[in-house]
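Take these sequences, add in the hints, and give me the full structure.
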Amino acid sequence: MGLFADKYPDVSYEEKLRLWDEVKADARFPDYLYGCYECGICVSACPSARFYDFSPRKIAQAAAREDIELIYEQMNDDVWNCSQCFSCNRCPRQNSPGGVITVLREVAVNNGLKSAAQALEGYSRIVYKIMGTGTQVSPDMLQPDAFPDWGPQVKQVSDELDLWRRALPPETLHTTKASWQVDERTLIELYLIWYNTGVMDMIANVDEGLNLILSDVMEEMLEEAGYEI
Amino acid sequence: MAAESVLIVGGGPAGLEAARLLADIGTPVTLVEKRAELGGMPIAERYAALTHGFRDAESMINNMVGAVSASPLVDVRLGASVVEAEGEAGAFRVTVAKEGNGAGEVVEAGAVILATGFQHFDPGRETQTYGYYEYPDVITLSDAEGMLKDDVFLKANGDKPERVAFIQCVGSRDRQIGNEYCSKVCCGISSKLAIEVRERLPDTKCFIFYIDMRMYGFWENEIYWPAQEKHHVQYVKGIVTEVIKKGERLLIRGEDTTMGRPVEVPMDIVVLAVGMEPSRGTRDLAKVFGVKQNQYRFIEVPHDALDPVATSVPGVFVAGAAAGPKDLDDTMGMAGAAAIKAAAWIRKVVTAA
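Top line first, the protein sequences correspond to chains A and B.
Each residue of the first sequence is one higher than the one before, starting from 2 at the first, in the working numbering.
Each residue of the second sequence is one higher than the one before, starting from 176 at the first, in the working numbering.
Certain hints may be false.
Cut-off 20 Å, straight-line C-alpha distance, at most; resulting in silico cross-link-like pairs (PhoX-like, lysine-lysine) [claimed, not checked]:
no.	chain 1	residue 1	chain 2	residue 2
1	B	K405	A	K25
2	A	K115	A	K17
3	B	K516	B	K209
4	A	K59	B	K462
5	B	K467	B	K405
6	A	K8	A	K115
Take a look, some chain A residues computed to stay more than 12 Å from chain B by CB distance [said to hold, decoys possible]:
no.	residue
7	L4
8	S56
9	N77
10	G152
11	L223
Since the hints were made in silico from the structure, they are not lab data.
We put the CB at the ideal spot given by N, CA and C, even for glycine.
So this is what it looks like as structure tokens:
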């Protein structure tokens with residue numbers, strides 16, 4: 002039992018404890034969290050904290066105190082406001098709140114938390130693009146529906162996308178469909194990594210449809226290349 | 176008539192260290208202690224471990240007692256009080272009376288060191304907010320020390336505590352109570368005790384409710400960091416407002432200020448981190464020797480940093496917590512300074528005359 006009112010009383014303490022134990026069992030965790038002074042240096046360095054009701058300090062505090070209920074609350078909410086820039090690593094105790102968040106997110110995804118699926122819903126297109134083509138966000142993804150949080154200027158950019166792209170000097174970046182071309186061998190290696198490291202299972206946990214579409218694309222190419230999935 | 180010996184009042188760490196050092200340089204000492212045994216608060220209040228190294232308090236203090244008791248140059252008077260003093264530096268005439276015996280014996284001394292120490296703040300003195308005299312599971316730091324010395328840290332009904340709360344700054348840093356000063360050691364002592372509780376009872380959660388954590392110098396990485404990182408003691412910035420009995424447990428109310436949320440949770444044992452006040456002996460002896468006291472009735476020194484052991488009366492020095500809240504580090508340093516100043520005074524005034 003923690004110090005505060007439990008925001009998720011319908012989820013049992015044992016389940017919350019199980020998830021926390023999974024976080025602590027992560028090999029990276031001991032290097033991400035020592036103890037917290039509650040000094041706030043991480044918050045002052047955090048870009049997300051300027052725009053959201055989000056505090057990397059509270060993540061470190063809850064984890065250092067092992068406040069099971071509060072950690073569960075954060076795992077369902079706060080952790081998705083982090084941009085994973087690791088500016089918070091300037092901690093005098095050498096904590097990495099961003100690293101703790103990485104682990105909390107992974108545990109949330111691996112355990113199929115509904116909140117994780119909801120938080121990642123808007124990223125389906127991006128995940129599909131990255132994993133399907135091996136490239137980063139491409140210019141044609143800069144659409145108001147995909148990035149509502151970028152504000153009204155997204156519409157301005159997307160309306161004149163070809164024009165903006167032509168304004169960039171390098172020839173190769175005149176495409177709006179991809180950031181760059183990834184060769185087949187690289188793509189096959191990426192697919193194999195994603196299959197073998199459990200990334201496909203993580204995708205399945207948060208978005209079954211996306212997993213099916215990606216599997217179609219990837220398995221076909223892998224089979225052609227002679228790999229059994 | 177001039178005298179070559181130093182009178183030390185108080186047989187705690189400060190008095191013991193000053194006596195040992197004076198004997199080391201060949202200066203005779205009369206050591207007067209009101210209690211029946213030497214050792215001061217660590218022995219009388221049965222402290223468990225000393226900070227810095229977590230070594231057993233009793234054996235460490237007894238080493239000091241042993242060195243003084245074995246010295247032919249130290250005349251130890253137990254169960255005795257200083258009731259009267261006259262004369263001046265170089266030739267004090269001090270009346271020492273045995274407990275319960277009106278007739279005193281006059282001791283001559285060239286210089287005097289007051290090492291009469293502190294007493295713990297009485298948490299029922301002015302306010303009963305925390306229910307110290309109402310609820311048996313509300314205890315003080317020194318109660319907790321005694322329990323841990325006996326290796327038994329249980330609720331009054333014999334149950335193992337699930338949750339223990341330490342409340343810092345009880346009787347310190349409080350304008351309403353009148354003790355505006357920080358008692359300096361309680362943050363470290365509470366953290367040390369929380370570690371000792373967690374070592375004995377790994378399933379018991381310990382919370383420390385604080386205003387500021389003041390962990391000087393090496394206490395930081397010797398106590399504070401291990402308490403958090405190794406023993407998972409939980410530090411909450413915010414002071415508990417009240418303790419209420421609820422069934423077999425104690426409900427505490429406060430605010431977790433850094434989380435910005437109210438706290439109202441059950442605890443099994445509440446430890447009050449009571450601060451330091453001048454002991455009865457310090458207050459009485461200040462009057463006997465006519466030395467100035469500060470507004471809190473500790474003995475006043477000319478300058479806390481640069482002249483920390485002199486008093487308003489030439490030839491009368493002070494060491495340890497008689498001069499204000501001190502940790503043992505301060506106390507040992509002051510004892511050394513007081514010893515050498517007393518010896519120097521005797522050389523200057525008595526030997527040279």
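Now the hints, each set against the structure:
1. B:K405 - A:K25: Holds, because 14 Å separates the two Cα atoms, which is no more than 20 Å.
2. A:K115 - A:K17: 14 Å, holds
3. B:K516 - B:K209: Violated. K516 of chain B to K209 of chain B sits at ~24 Å, over the 20 Å cutoff.
4. A:K59 - B:K462: Violated, at roughly 53 Å.
5. B:K467 - B:K405: Since the Cα atoms of K467 of chain B and K405 of chain B sit roughly 46 Å apart, the hinted pair is violated (cutoff 20 Å).
6. A:K8 - A:K115: 15 Å, holds
7. L4: Violated, since 5 Å does not exceed 12 Å.
8. S56: For S56 of chain A, whose nearest Cβ neighbour in chain B is about 9 Å away, the distance does not exceed 12 Å, so it is violated.
9. N77: N77 of chain A is indeed farther than 12 Å from all Cβ atoms of chain B, at 17 Å.
10. G152: 28 Å, holds
11. L223: 46 Å, holds
The structure shown violates the earlier hints numbered 3, 4, 5, 7 and 8.
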